[in-house]
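**Q** Chains as they are written, first to last, in the numbering used here: chain H, 13 to 364; chain Y, 7 to 320.
Treat the hints with care, as some may be off.
[To be verified] Here are the computed lysine to aspartate or glutamate pairs in the DMTMM-like style, where the Cα-Cα straight-line distance is at most 25 Å: (1) Lys99/H <-> Glu151/Y; (2) Lys99/H <-> Glu126/Y; (3) Lys101/H <-> Asp242/Y; (4) Lys281/Y <-> Glu109/Y; (5) Lys65/Y <-> Glu126/Y; (6) Lys99/H <-> Asp315/Y; (7) Lys200/H <-> Glu284/H; (8) Lys203/H <-> Glu192/Y; (9) Lys200/H <-> Glu151/Y; (10) Lys65/Y <-> Glu250/H; (11) Lys203/H <-> Asp81/H; (12) Lys260/Y <-> Glu284/H; (13) Lys304/Y <-> Glu284/H; (14) Lys167/H <-> Asp81/H; (15) Lys304/Y <-> Glu126/Y; (16) Lys105/H <-> Glu231/Y.
[As the list claims (entries may be wrong)] Covered stretches of chain Y (in silico footprint by chain H; criterion: 3 or more residues with CB under 8 Å from a CB of chain H, positions within the stretch not fixed): (17) 160 to 170; (18) 182 to 191; (19) 249 to 255.
[Claimed, not checked] Restraint-style ranges between C-beta atoms, simulated for each label pair: (20) Ser283/H <-> Glu109/Y: 57 to 63 Å; (21) Arg148/Y <-> Glu268/H: 24 to 30 Å; (22) Gln94/Y <-> Ile291/H: 27 to 33 Å; (23) Glu280/Y <-> Pro43/H: 57 to 63 Å.
What the hints contain is simulated information worked out from the structure, not anything from laboratory work. Note that this is a predicted model, so its numbers are computed, not measured. We put the beta carbon where it would ideally sit given N, CA and C, even for glycine.
The primary structure of each chain is shown beneath.
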Amino acid sequence: MNWISNYIRPKIQSIVGEQKDVPDNLWHKCPECDGMIFHRELQENMHVCHHCNYHMIIPVLDRLDILFDGATWTRVSLPAVAEDPLKFKDKKKYTDRLKDSRTKTKEKDAIIVAEGRIGGVHTIVAAFNFKFMGGSMGAAVGEGIVTAAELAVSKKAPLIIVPASGGARMQEGALSLMQMPRTIIATKRVKEAGLPYLVLLTHPTTGGVSASFAMVGDIHLAEPGATIGFAGKRVIQETIREELPDDFQTSEYLVEHGMVDRVVERKNLNSEIGTILSILTKQDEPAESESGNTKASASTTKSKGKKTKSKKSKGETGNVKNFETAQKAKQIKKASSAAKPKAGQRVASARK
Amino acid sequence: MLDFEKPVLELENKIVELRKVSSNDSGMNISEEIDRMQNKIQRLLVSTYSKLTPAQRVKVARHPQRPHFKDYVEQMIEDFTPLAGDRQFGEDEALIGGIGRFEGQSVVIMGHEKGRETNERIRHNFGMARPEGYRKAQRLMRMAEQFDLPIISLVDTAGAYPGLGAEERGQSEAIARSIETCLSVETPFISVIIGEGGSGGAIAIAAADKVFMLEHSVYSVISPEGCASILWRSADYAQDASSALKLTSEDMLKLGLIDDIIKEPMGGAHRQAEKTIKRTQTKILESLRELKALPRDKLLEQREQKFLDMGRNL
Ligand SMILES: [Zn+2]
Ligand SMILES: [Zn+2]
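Only chain H is shown next, with the shape it has when bound in the complex (with noise of 0.2 Å):
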């Protein structure tokens, strides 16, 4: 790259007109305010747009490192799923469609599952690619999100789902659809475990994708102006002839519906995530015994730092969902304060 193609020819094109089609993505224009924006800028600034804080849609790889820490995460392998069941053809067909997309992002399919570190505490990710077929839900993405799951459930780390999809893959007819009840059962089975399963719903959430996994998380985030609904716009408006907010069906929109928590700035994801994590999974609690258990203790002893001891203890992964242990360990320890660890202990083993 040079000073002409960084600088003179988007100068050229916007003077001619064509800033369409910019070759190299020099320069972006923001689809909100349609400020121009240096490609670099745009990528040092999250793809959000330093003129009106608009949150575009930022490529999967840079979206896994903005949210884990040091941009440190190493990807999980996937299954091979059965491709194109159906032999589906619309005007293309659907292999081809596959083929163009892969070719397009030099990814298999629409999801990424990777595990690192957010706040200290190893996490889970499983993050869509949009730019691969709209980020649409087919049996490799389910796969991606029951294999993610499973990863949570046995590493005991917490679950993180970012979608980012219009909904199913038609081209995978009820296959598609049978992904919502697949990915049910899988995040269900995290939070079974004790787990944290956060939800970050990102630009755009719809259709089969919003009604099923992405909506029964422990936590929902959003990033801002995101689209999340269930029903199409257009559809609706097709539906009942009517206007509509125009917040509808917006991040902003969600939370006031109750059906989001938070609304959390890109720049700030990393570090609130990482708190939220820390706090679920009882991170920084002094680990004396207080909650009754040895385990804990025991490896806090072992453990150097602050941060080290949270991340590998075991026990305290243990501890996440044991409110309910550590009320009972307490009650034990009333009762006979001279056995005071033993009876954690007992309480602790039994749970499991």
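Please arrange chain Y with the ligands on chain H, whose structure you already have, making use of the hints.
**A** Coordinates of chain Y with the ligands only, in the frame set by chain H:
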């Protein structure tokens, strides 16, 4: 009227006319002629219905004279006691249900009702449920679990209602939570697609231990019209979309997404409602026996595994 049934309907009208004429003229012997015509009708029905295209299946599945939820309840359920309301906002008559006795056993039954006459159709919102409907379904499923009653759900909807109020009150969450409830209740759960299995609005009450489809019902992730207007950019291609979506009962069984097909009487359920319902009843009873024999924790595990396995062996 179904266009491909036109020759059949013409013959049926002729028979009616012949009978009228003969009752005025007692000297006329028409029984032979009527027999001949009735045989022809049978042959026509067999030849038409043995090779229905997917698009024609969609029409049969939507036929207004097809037995609806209320018809099933009337014939299959004794002491049916309808229950109303989601206890949060309102009552949605697009998805109705209650308690009653099925073959002597206490059950919870619920399903979409499209309505038949115009005012009925409006009252039932054409079978397109709002969040209240799905929240009532959740309530009924929880009740079934509490009293250890099997659940029967009958699916017949074009889809969940796309409306402003529905979105305001969390249509997505209501459907998602309803699916989650289906997958959480420890009680035998049988679902039958009796007409249209329309997308999220259908699966919301159909994540069951056993899912059956009536022969000419359809089950799809999107309506053929909707699919055509998105992928072909014109609803005129609905026929092509109907074929591409693999929405027939045979396709669904082949893909391993349903458990079995309930055969319809010749000429479709709309010709012989009573017989159709009887067959459905037999199938449910048979399946309920199997499910009741299973230990409860196995039941839930199997239900989940069934869905997790879907698509893995294609
Ligand atoms: Zn760029
Ligand atoms: Zn802007």
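**Q** Now tell me if each hint is right for this structure.
**A** Structure-based check of all given hints:
The hinted pair formed by Lys99/H and Glu151/Y fails the criterion: a straight-line CA distance of about 41 Å is larger than 25 Å. For the hint linking Lys99/H to Glu126/Y, the alpha-carbon distance of about 40 Å lies beyond 25 Å, and the restraint is violated. Distance check on the hinted pair: Lys101/H and Asp242/Y sit about 16 Å apart at the alpha-carbon level, within 25 Å; holds. For the hint pairing Lys281/Y with Glu109/Y, the CA-to-CA distance comes to about 16 Å; that is within 25 Å, so the pair holds.
Distance restraint check for Lys65/Y and Glu126/Y: the Cα-Cα separation of roughly 20 Å lies within the 25 Å cut-off, and the hinted pair is therefore satisfied. With a CA separation close to 20 Å, the supplied pair Lys99/H and Asp315/Y stays within the 25 Å bound. A hinted pair counts as satisfied when its Cα atoms are at most 25 Å apart, and Lys200/H with Glu284/H qualifies at roughly 23 Å. Restraint check for Lys203/H and Glu192/Y: satisfied, since their Cα atoms lie roughly 18 Å apart, inside the 25 Å limit.
Between Lys200/H and Glu151/Y the CA atoms are separated by roughly 18 Å; this keeps the pair inside 25 Å, and the hint holds. For a cut-off of 25 Å, the pair hint linking Lys65/Y to Glu250/H stands: about 22 Å separates their Cα positions. For the hint pairing Lys203/H with Asp81/H, the CA-to-CA distance comes to about 24 Å; that is within 25 Å, so the pair holds. For the suggested pair Lys260/Y and Glu284/H, the alpha carbons sit about 47 Å apart, so the restraint of at most 25 Å is broken.
Proximity of Lys304/Y to Glu284/H is assessed by CA-CA distance (about 40 Å); at most 25 Å being required, the pair is judged violated. Straight-line distance between C-alpha atoms of Lys167/H and Asp81/H comes to about 18 Å, which keeps the hinted pair within the 25 Å bound. About 41 Å separates the Cα atoms of Lys304/Y and Glu126/Y, which puts this hinted pair outside 25 Å; it is violated. About 19 Å separates the Cα atoms of Lys105/H and Glu231/Y, which keeps this hinted pair within 25 Å; it holds.
With 5 residues bearing a CB less than 8 Å from a CB of chain H, the region 160 to 170 of chain Y meets the requirement of three and the coverage assertion stands. A count of 7 residues in the region 182 to 191 of chain Y with a Cβ less than 8 Å from any Cβ of chain H is obtained; the coverage claim is therefore met, three being the minimum. Coverage of a stretch by a chain is defined here by at least three residues with a beta carbon nearer than 8 Å to that chain's beta carbons; for the region 249 to 255 of chain Y and chain H the count is 4, and the condition holds. Against the hinted window of 57 to 63 Å, the Cβ-Cβ separation of Ser283/H and Glu109/Y comes to about 60 Å, which satisfies the hint.
In this structure, Arg148/Y and Glu268/H meet the distance hint of 24 to 30 Å, their C-beta atoms being roughly 28 Å apart. Distance hint check: the CB atoms of Gln94/Y and Ile291/H are about 29 Å apart, consistent with the given range 27 to 33 Å. Checked against the hint of 57 to 63 Å, the pair Glu280/Y and Pro43/H passes, with Cβ atoms roughly 58 Å apart.
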